[in-house]
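**Q** Chain by chain, the residues run as shown.
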Amino acid sequence: MIRTGCEREQDVLDAIAADRWPDRLNDELSTHVAGCTICRDLAPVAHAFAEDGQTAFEQVRLPSAGLVWWRAEIRARQQAVRAAGRPITFVQVVTGACGIAVALGLLAWAGLGALLGMSTRELWVAIASQPLLLPLFYLAIGVLILLGSIALYLVLSDE
Amino acid sequence: MQDITLSELEQIQPQALDDAFQMDQETFHALYERTARSIWVYLWRRTGDSQLTEDLLQETYYRFLRARVSHESEAHRRNYLFRIASNLANDAYRSHHQHVRLPEESEPGHPAMNPDADMQSQRQTDLHRALVKLSNRQRDALWLAYAEGSSHVEIAERLGVKTSSVKLILFRARRKLARLLRGERRHS
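These protein sequences, in sequence, are chains A and B. Per my numbering, the first sequence starts with residue 1, numbered consecutively. Per my numbering, the second sequence starts with residue 1, numbered consecutively.
If we strip away everything but chain B, and leave its shape as in the complex, we get (with noise of 0.2 Å):
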């Protein structure tokens, strides 16, 4: 890869700039304060990993900027950047060959860190074992549908599918899950 020096980098005019992104920096700060702690939570729920989620994270503000797409709503805005993040996430998974990675027991965070929380941290550890066995859409529906709190409307243009498809998906996945849940709870 070609290096280039911080004197070429200045030689470029910041209107070439204002040109390669779609909102200037103000509009962007107001964006990312809404939307951001979404996204990285949805990242770190399909990676398992900070560093990547952050990378990931960085990639998909970036590729939002150099997008030419006007957006109707902040609601277009949202689900387009969530469809970025989950596009992401999927090269990522498929580049790295790896499975879902449940996040270790030792990390900063991991409700097993929590002496007062056994039951929670218990629940949680079963549900990230069951959702390994579900698709990737699977996952996203349902953490979409039930952490986020987002409508079949929001879910479809995120997941990229029909609205009418996101009920058959969300029964699916749940009956799946609650089968999952069902056993892990029998066998711990």
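Chain A on its own, in the form it takes in the complex (with noise of 0.2 Å):
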């Protein structure tokens, strides 16, 4: 089994600290680190890592705690204020397709009308009196409505 570790460890963890690793370490310990594979390995690199760190430590440039809530805030709010206005556009973008949709419905009723020469009554008449026709009439205004919900949220939506 591959020993993963050493009860030395923190003695030369304590080393390292204390500033001893690698001239100043007493004769027993670094005795004990030449011959450990465990801490032969542990010391040159627990002791880069706490000279990297300090040196790191030393150059820190922090923003001001401040400077970090105000900004978090007026992101807290802009959040705020596009969440409040997202339902307001729902409902646009609905009475705008059914706006739409209506018209284009209309358009249509009148064109159909006029192509197989009935009035408005006789074209209704017509389409009812067929079992087949009335759902794909109602197909139609679903897909008008659709059509037009599509086109205003690509109007509307400037993202």
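Please keep in mind that the hints were generated in silico from the structure rather than gathered at the bench.
Estimated spans, in silico, between C-beta atoms of each pair:
1. L134(A) <-> N90(B): 54 to 62 Å
2. R182(B) <-> R71(A): 44 to 52 Å
3. K162(B) <-> G99(A): 57 to 65 Å
4. R94(B) <-> P131(A): 56 to 64 Å
5. R75(A) <-> Q122(B): 39 to 47 Å
6. Q122(B) <-> E58(A): 14 to 22 Å
7. E9(A) <-> Q25(B): 37 to 45 Å
8. T89(A) <-> N90(B): 32 to 40 Å
9. L104(A) <-> R83(B): 47 to 55 Å
10. I74(A) <-> R94(B): 26 to 34 Å
Here are some chain A residues pointing at chain B (derived, C-beta under 8 Å):
11. D41
12. V45
13. D52
Don't be surprised by glycine CBs; every beta carbon is placed ideally from N, CA and C.
Hey, can you piece these two chains together into the complex? The hints should help.
**A** Below is the structure:
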């Protein structure tokens, strides 16, 4: 079984923290490190990181807590405005889509009546009397509403 | 993206923001003073870019403030912050497809800028070169253990791994890095 730790690791770390590694290590610990595969790897690695950490901490350029809070606050406000605006946009899209669907439906209705030479009342009686035509009629209205919604969404959406 | 005017922003009630953040400003300031230096250094070591570090630091605290998480202790809060920072650093790494950039020798604060510290500078350059060959998790574990002095429990929480795995992660990372450092020193 591979040994992954040594009971003297903390002694080595303490020596590094006390700046006794590598030159001022006591003989006993020095001998142990030389003979222990775990501590032989640990010592140079921990020492390198301790030095590197010290250097890194010296050059920290932190923004102030007030600035970080202020930026977070602005962003939270922006998100709140967007969240508040979302239901209004949804209602606008649905209302607009219904309006477009009605307008297109009336145009199609009038166009179809003119094409077949029928009045609007005669046309409705003709459609209603055919069991297959009525579902198709409702389907056409649904498609119009859907297409109108997509068109409005594309026009209003700016993202 | 929709433009938002200042007047629209002002219409948002302060109470709404109190609800949006998990703590008040005073508590945040105290927490920031206790934690921000470590997180800045951690992010800087991961990205090697001061501007990106500041952006990620801001994002870390923003996500922390917006998170609806109850923290049992100060340690838990710190670990949670580190988890956010670590995930953001990973995302930044993936999105930029960049390798960890070695800090330039002309950068302020680089060890090479201190002429009295030639040996230390050389050791740190060797370390940075070798670290590129380690995985993010190995680098993080070594940094937390030996630069931050974190315990295995803290490292496990910050990296999102089991405490029992930390010993093995550290062992493998140390062994690999020690070999790389010995190789670097032979070359230099």
